Amino acid sequence: MDALNVVPTRGFAAAAVLARFTAGLTWMWMVATRIRDDWLADALRITGRHSSVPGWDRMADWLLAHEAGAGLVLGIIEVTLGLALLFGILTRWSGWATTAYAALWVAVFWAVPKAGPGIPESFPVPIGGWPWLLLPLVLLPAVAAATRAGRWGGVDAALRRWWPRNRIVESST
Amino acid sequence: MRSWREWALAAGRRVRDQLDAASPLQAGVGVAVLVVAARLVVAYTWFWGAKTKHPWLDPPFGWLGGWLEVEAQYNPIPGYPWLVENVLLPNLTFLGWTAFVVESYLAVVLVLGILTRLNGWVATLWGLQISLGNLGAPREPIWSLLPMVVLPLLAAEGRAGRIWGIDAWLREKAAGRWWSWML
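In order, the protein sequence lines correspond to chains A and B. Each step along the first sequence adds one to the number in my numbering, with nothing skipped, and position 63 is 63. Each step along the second sequence adds one to the number in my numbering, with nothing skipped, and position 160 is 160.
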C-alpha cells in the first residue's frame with residue numbers, strides 16, 4: 001500500500017487548494033451566469049432532447065414546467081456548494097456532495113453533442129462530447145474532499161483549532 | 001514602513017507556514033487514485049488536442065487557424081491580438097507542428113507516467129498559455145480553462161507517475177541522482 005501513498009508535499013497541498021477553489025468557482029459561475037443569461041430552460045430542452053440518461057427526457061419536461069422553482073432549488077444547492085468549497089467549509093462533506101451533484105450533471109450532459117438540432121450558437125456552457133471538459137467537474141471536488149483541502153487557508157482550519165475533539169468537525173473537515 | 005520586498009517575503013512565509021500547519025495531509029489510497037485519474041484526464045485532453053488539429057487534416061491543423069482568429073477578436077490581454085495577427089497566424093505551420101508535437105508528447109508521457117513531475121509542469125505551463133489565449137472567447141468560461149492548469153499541477157505535485165506508472169520503476173534508478181526530482 002505504500003506505493004499508493006501520495007507524497008504529502010507543500011506543492012501538492014497548494015495544488016489541492018487550487019482544486020478546491022476551482023471547484024467552488026465553477027458552481028458560483030453556473031449560478032451567476034444563469035441569473036444573467038437565463039440559460040436553464042435551454043439546458044433542460046437540450047439535455048431533454050439529446051441526453052442518454054434513461055428517463056431524463058421526462059424529468060427535463062417536468063423541470064421545465066416548474067422552471068422558476070427548479071432554478072431556485074438548483075441555485076440554492078449550487079451557491080451552498082460553491083461557497084463551501086471557496087471558503088473551505090466542512091470540505092470533506094461539501095467536496096463529496098459537490099462530486100455527487102456534478103456527477104449527475106456530467107451523466108446528463110455526457111451524450112449531448114456540442115452542436116446540433118436545438119442547440120443555440122450562443123449557449124454559454126460548453127457541453128457534451130468533450131469528456132476532458134466534463135471529467136474535471138467531478139475530479140476537482142473529489143480531490144478537495146479526499147485531501148481535506150479546507151484545512152489549508154479554509155474555515156476548516158479554524159474549526160479544527162476551536163473544536164479539536166468534536167466528532168462532527170473531525171469527520172467533516 | 002516595510003518595503004514591498006519585506007512584505008512579499010512575509011506573505012510568502014505566511015503561506016508556507018499555513019501549508020505546513022495543515023499537516024497531517026490526507027494522502028492515502030483514495031487521493032492516489034484521484035491523482036492518477038488527473039494524470040490520465042490530462043493525457044486524454046492533449047491526445048484529443050493533437051488528434052483534432054494534426055498536420056494531415058484538411059485544412060492542415062484543423063480548427064487551430066480559425067480558433068486563433070477568435071482569440072484575436074475576443075482576448076482582453078493588451079498586445080495579444082497583435083501577437084496573434086502578426087506573429088502566430090503568419091507562422092501557422094510552425095505553430096501547428098509545435099502544438100502537435102508538444103501535445104502528442106504530453107499524451108504519451110502522461111498516460112505512461114514517465115518523469116511525471118517534470119512533464120506535469122510542462123503540461124501545466126502548456127495549459128496556462130492556452131488558457132490565457134482563450135480568455136474572453138465565447139463558450140470558454142473560466143471554469144473550463146482552470147482545470148487545464150490545476151489537473152496537471154495535481155499530477156505533477158502528487159508525483160502521479162509513481163502510482164501505476166513507469167516512474168514507479170524509475171524511482172529506484174533515480175535514487176540519489178540529480179534527476180530524481182523529475183519523477
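The hints are simulated quantities; they were obtained by calculation from the structure and are not laboratory data. Because the structure is a prediction, the values reported are computed rather than measured. We put the beta carbon where it would ideally sit given N, CA and C, even for glycine. Among the hints, erroneous ones may be present.
Where chain A lies over chain B, by a calculated footprint (3+ residues, C-beta under 8 Å) [stated by the list, open to error]:
{"#": "1", "region": "38 to 44"}
{"#": "2", "region": "135 to 143"}
Derived lysine to any residue pairs resembling SDA-like cross-links, with alpha carbons at most 20 Å apart [said to hold, decoys possible]:
{"#": "3", "chain 1": "B", "residue 1": "Lys53", "chain 2": "B", "residue 2": "Ala11"}
{"#": "4", "chain 1": "B", "residue 1": "Lys53", "chain 2": "A", "residue 2": "Trp56"}
{"#": "5", "chain 1": "A", "residue 1": "Lys114", "chain 2": "B", "residue 2": "Trp48"}
{"#": "6", "chain 1": "A", "residue 1": "Lys114", "chain 2": "B", "residue 2": "Lys53"}
{"#": "7", "chain 1": "A", "residue 1": "Lys114", "chain 2": "B", "residue 2": "Ala137"}
{"#": "8", "chain 1": "A", "residue 1": "Lys114", "chain 2": "B", "residue 2": "Lys51"}
{"#": "9", "chain 1": "A", "residue 1": "Lys114", "chain 2": "B", "residue 2": "Glu172"}
{"#": "10", "chain 1": "A", "residue 1": "Lys114", "chain 2": "B", "residue 2": "Trp97"}
{"#": "11", "chain 1": "A", "residue 1": "Lys114", "chain 2": "B", "residue 2": "Leu92"}
{"#": "12", "chain 1": "B", "residue 1": "Lys51", "chain 2": "A", "residue 2": "Pro131"}
{"#": "13", "chain 1": "A", "residue 1": "Lys114", "chain 2": "A", "residue 2": "Val73"}
{"#": "14", "chain 1": "B", "residue 1": "Lys53", "chain 2": "B", "residue 2": "Leu92"}
{"#": "15", "chain 1": "A", "residue 1": "Lys114", "chain 2": "B", "residue 2": "Trp63"}
Beyond 12 Å from chain B on every Cβ pair, some chain A residues (computed) [stated by the list, open to error]:
{"#": "16", "residue": "Ala14"}
{"#": "17", "residue": "Phe21"}
{"#": "18", "residue": "Trp29"}
{"#": "19", "residue": "Met30"}
{"#": "20", "residue": "Ser52"}
{"#": "21", "residue": "Asp57"}
{"#": "22", "residue": "Ala70"}
{"#": "23", "residue": "Val79"}
{"#": "24", "residue": "Ala97"}
{"#": "25", "residue": "Pro131"}
{"#": "26", "residue": "Leu133"}
{"#": "27", "residue": "Leu139"}
{"#": "28", "residue": "Ala146"}
> Among all the numbered hints in the text so far, which are the ones the structure does not match?
Replying inline: Violated: hints 3, 4, 9, 10, 11, 13, 16, 17, 18, 19, 25, 26, 27 and 28.
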